[in-house]
Amino acid sequence: MMYQVVLQSEAISDMQDAYDWYEEQRTGLGNEFVEEVEISLEKISEHPEYYSYVNDIYRRIKTNRFPYLIIYEIENNTVFVNSIMHGMRNSKY
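Each residue of the sequence shown is one higher than the last, beginning at 1 in the numbering used here.
The hints are simulated quantities; they were obtained by calculation from the structure and are not laboratory data. Bear in mind the structure is a predicted one, so any value in this text is a computation, not a measurement. Idealized CB from N, CA, C, for every residue including glycine. There could be a bad hint or two in this list.
What the hints assert, rightly or not - Using C-beta positions, here's what the derived DEER-type ranges look like:
#1 Ser52 - Thr27: 19 to 27 Å
#2 Gln4 - Glu24: 31 to 39 Å
#3 Met2 - Asn64: 14 to 22 Å
Construct all of the structure, not just a fragment, from the sequences and the given hints.
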(Lines of atoms letter the chains of each structure in order from A and count residues from 1; the text may use other names and numbers.)
(Lines give C-alpha, C1' and ligand atoms only; values in the text may rest on other atoms or scores of the structure.)
Protein backbone atom coordinates (compact mmCIF):
# COMPACT_ATOMS: atom_id res chain seq x y z
CA MET A 1 0.00 0.00 0.00
CA MET A 2 1.29 3.44 -0.93
CA TYR A 3 0.94 6.20 1.63
CA GLN A 4 0.05 9.75 0.65
CA VAL A 5 2.94 12.13 1.37
CA VAL A 6 2.10 15.68 2.42
CA LEU A 7 4.80 18.34 2.70
CA GLN A 8 4.11 20.78 5.53
CA SER A 9 4.90 24.46 4.90
CA GLU A 10 8.15 24.30 6.89
CA ALA A 11 9.39 21.38 4.77
CA ILE A 12 8.55 23.25 1.57
CA SER A 13 10.46 26.28 2.84
CA ASP A 14 13.42 24.09 3.87
CA MET A 15 13.55 22.49 0.43
CA GLN A 16 13.36 25.86 -1.34
CA ASP A 17 16.18 27.27 0.81
CA ALA A 18 18.39 24.26 0.09
CA TYR A 19 17.53 24.41 -3.62
CA ASP A 20 18.51 28.09 -3.75
CA TRP A 21 21.80 27.45 -1.94
CA TYR A 22 22.77 24.54 -4.21
CA GLU A 23 21.85 26.54 -7.33
CA GLU A 24 24.24 29.30 -6.16
CA GLN A 25 26.99 26.70 -5.91
CA ARG A 26 26.42 25.29 -9.39
CA THR A 27 23.62 25.68 -11.92
CA GLY A 28 21.54 22.51 -11.95
CA LEU A 29 22.71 21.29 -8.56
CA GLY A 30 19.49 22.53 -6.97
CA ASN A 31 17.50 20.35 -9.36
CA GLU A 32 19.69 17.38 -8.46
CA PHE A 33 18.95 18.04 -4.79
CA VAL A 34 15.19 18.13 -5.43
CA GLU A 35 15.41 14.86 -7.40
CA GLU A 36 17.23 13.24 -4.48
CA VAL A 37 14.55 14.44 -2.05
CA GLU A 38 11.84 13.08 -4.38
CA ILE A 39 13.53 9.66 -4.38
CA SER A 40 13.49 9.67 -0.57
CA LEU A 41 9.85 10.77 -0.50
CA GLU A 42 8.97 7.88 -2.80
CA LYS A 43 10.72 5.47 -0.43
CA ILE A 44 8.74 6.92 2.47
CA SER A 45 5.45 6.53 0.59
CA GLU A 46 6.22 2.86 -0.05
CA HIS A 47 7.60 1.88 3.39
CA PRO A 48 7.17 4.70 5.94
CA GLU A 49 7.54 2.43 8.97
CA TYR A 50 10.92 1.12 7.82
CA TYR A 51 12.90 4.20 8.89
CA SER A 52 14.23 5.11 12.34
CA TYR A 53 12.38 6.98 15.04
CA VAL A 54 13.93 10.21 16.30
CA ASN A 55 11.43 10.38 19.19
CA ASP A 56 8.01 8.95 20.03
CA ILE A 57 6.33 10.61 17.04
CA TYR A 58 8.81 11.47 14.30
CA ARG A 59 10.90 9.32 12.00
CA ARG A 60 13.72 10.24 9.64
CA ILE A 61 15.24 9.18 6.37
CA LYS A 62 18.61 10.37 5.10
CA THR A 63 19.03 11.37 1.49
CA ASN A 64 21.75 9.40 -0.27
CA ARG A 65 23.70 12.04 -2.11
CA PHE A 66 23.13 15.16 -0.03
CA PRO A 67 23.58 15.47 3.76
CA TYR A 68 19.89 16.05 4.48
CA LEU A 69 17.37 14.43 6.78
CA ILE A 70 13.66 14.28 6.05
CA ILE A 71 11.67 14.33 9.29
CA TYR A 72 8.15 12.93 9.12
CA GLU A 73 5.26 11.42 11.04
CA ILE A 74 2.68 8.84 10.04
CA GLU A 75 -1.04 9.34 10.63
CA ASN A 76 -3.29 6.61 9.28
CA ASN A 77 -2.42 6.31 5.55
CA THR A 78 -0.73 9.70 5.32
CA VAL A 79 2.88 10.73 5.88
CA PHE A 80 3.36 14.35 6.96
CA VAL A 81 6.84 15.68 6.19
CA ASN A 82 7.61 18.29 8.83
CA SER A 83 11.10 19.37 7.81
CA ILE A 84 13.95 18.75 5.42
CA MET A 85 17.12 19.74 7.23
CA HIS A 86 20.85 19.63 6.82
CA GLY A 87 22.07 16.68 8.86
CA MET A 88 25.00 18.56 10.38
CA ARG A 89 22.98 21.56 11.54
CA ASN A 90 20.71 19.84 14.03
CA SER A 91 22.27 17.03 16.02
CA LYS A 92 19.04 16.09 17.85
CA TYR A 93 17.88 14.24 14.70
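Hint by hint, here is what the structure shows:
no. : hint                      : in the structure
1   : Ser52 - Thr27: 19 to 27 Å : violated, 34 Å
2   : Gln4 - Glu24: 31 to 39 Å  : holds, 33 Å
3   : Met2 - Asn64: 14 to 22 Å  : holds, 21 Å
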